[in-house]
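The sequence shown maps to residues 94 to 251 in our numbering.
Wrong hints could be hidden among the right ones.
Said to hold, decoys possible - For lysine-lysine, the following BS3-like pairs were computed, each having C-alpha atoms within a straight-line distance of at most 25 angstroms:
1. Lys224 to Lys198
2. Lys193 to Lys207
3. Lys224 to Lys207
4. Lys193 to Lys232
5. Lys193 to Lys224
6. Lys163 to Lys120
7. Lys163 to Lys198
Claimed, not checked - Derived CB-CB ranges, DEER-like:
8. Ser110 to Thr172: 43 to 53 angstroms
9. Gln111 to Ser168: 30 to 40 angstroms
10. Glu132 to Ile179: 42 to 52 angstroms
11. Lys198 to His137: 45 to 55 angstroms
12. Thr172 to Gln111: 41 to 51 angstroms
Think of the hints as simulated: they come from the structure by calculation, not from any bench. All C-beta atoms in this analysis are idealised placements derived from N, C-alpha and C, irrespective of residue type, glycine included.
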Amino acid sequence: FDEFNRLEEEVLSAVSSQIQVIQAALKSRQPSITFMDREIDVDHNAGIFVTLNPAGKGYGGRSKLPDNLKQLFRSVAMTVPNFELIAEVILLSEGFGTAKVLGTKLVSLFSLSKQLLSPQQHYDWGLRALKTVLSIAGKLLRDARVAAAASSGPAADA
94 FDEFNRLEEE VLSAVSSQIQ VIQAALKSRQ PSITFMDREI DVDHNAGIFV
144 TLNPAGKGYG GRSKLPDNLK QLFRSVAMTV PNFELIAEVI LLSEGFGTAK
194 VLGTKLVSLF SLSKQLLSPQ QHYDWGLRAL KTVLSIAGKL LRDARVAAAA
244 SSGPAADA
């Protein structure tokens with residue numbers, strides 16, 4: 094179920110009782126259950142997953158889940174990744190000495206571009222695009238170092 098907490102309270106209550114029946118059947122290894130007046134085989138490899146957004150915080154139409162319903166699931170929290178820290182670590186691993194400053198500036202560029210440029214399908218200001226830019230920057234740095242080493246090598250002495 095996606096955005097489970099957008100369901101109305103009455104629907105949540107009905108769904109929670111059905112989820113309890115399914116979970117009990119899975120735990121007791123029952124071969125089948127009666128679901129809405131129908132006999133249904135139980136797939137013991139099945140799982141029930143729901144997603145929800147927090148109540149409030151700019152997400153309209155969402156309510157908090159009742160405690161009895163929360164107990165039926167294992168909670169997993171998702172957070173927004175720290176782009177600046179990721180950029181700094183990748184830049185350091187690519188050999189940049191000023192990784193913190195460069196990472197902050199690059200993340201600011203991506204953030205401002207996302208906010209100020211008109212939305213286009215070919216614009217991607219997400220983490221994958223940032224990592225691609227950092228990887229290319231690392232390759233350019235390595236290539237520049239190889240070129241500098243080659244130009245100051247034995248051929249320069251001749």
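Going down the list of hints, with the structure as the test:
no.: 1; hint: Lys224 to Lys198; result: holds (14 angstroms)
no.: 2; hint: Lys193 to Lys207; result: holds (21 angstroms)
no.: 3; hint: Lys224 to Lys207; result: holds (16 angstroms)
no.: 4; hint: Lys193 to Lys232; result: holds (18 angstroms)
no.: 5; hint: Lys193 to Lys224; result: holds (15 angstroms)
no.: 6; hint: Lys163 to Lys120; result: holds (18 angstroms)
no.: 7; hint: Lys163 to Lys198; result: violated (42 angstroms)
no.: 8; hint: Ser110 to Thr172: 43 to 53 angstroms; result: violated (32 angstroms)
no.: 9; hint: Gln111 to Ser168: 30 to 40 angstroms; result: violated (20 angstroms)
no.: 10; hint: Glu132 to Ile179: 42 to 52 angstroms; result: holds (51 angstroms)
no.: 11; hint: Lys198 to His137: 45 to 55 angstroms; result: holds (53 angstroms)
no.: 12; hint: Thr172 to Gln111: 41 to 51 angstroms; result: violated (31 angstroms)
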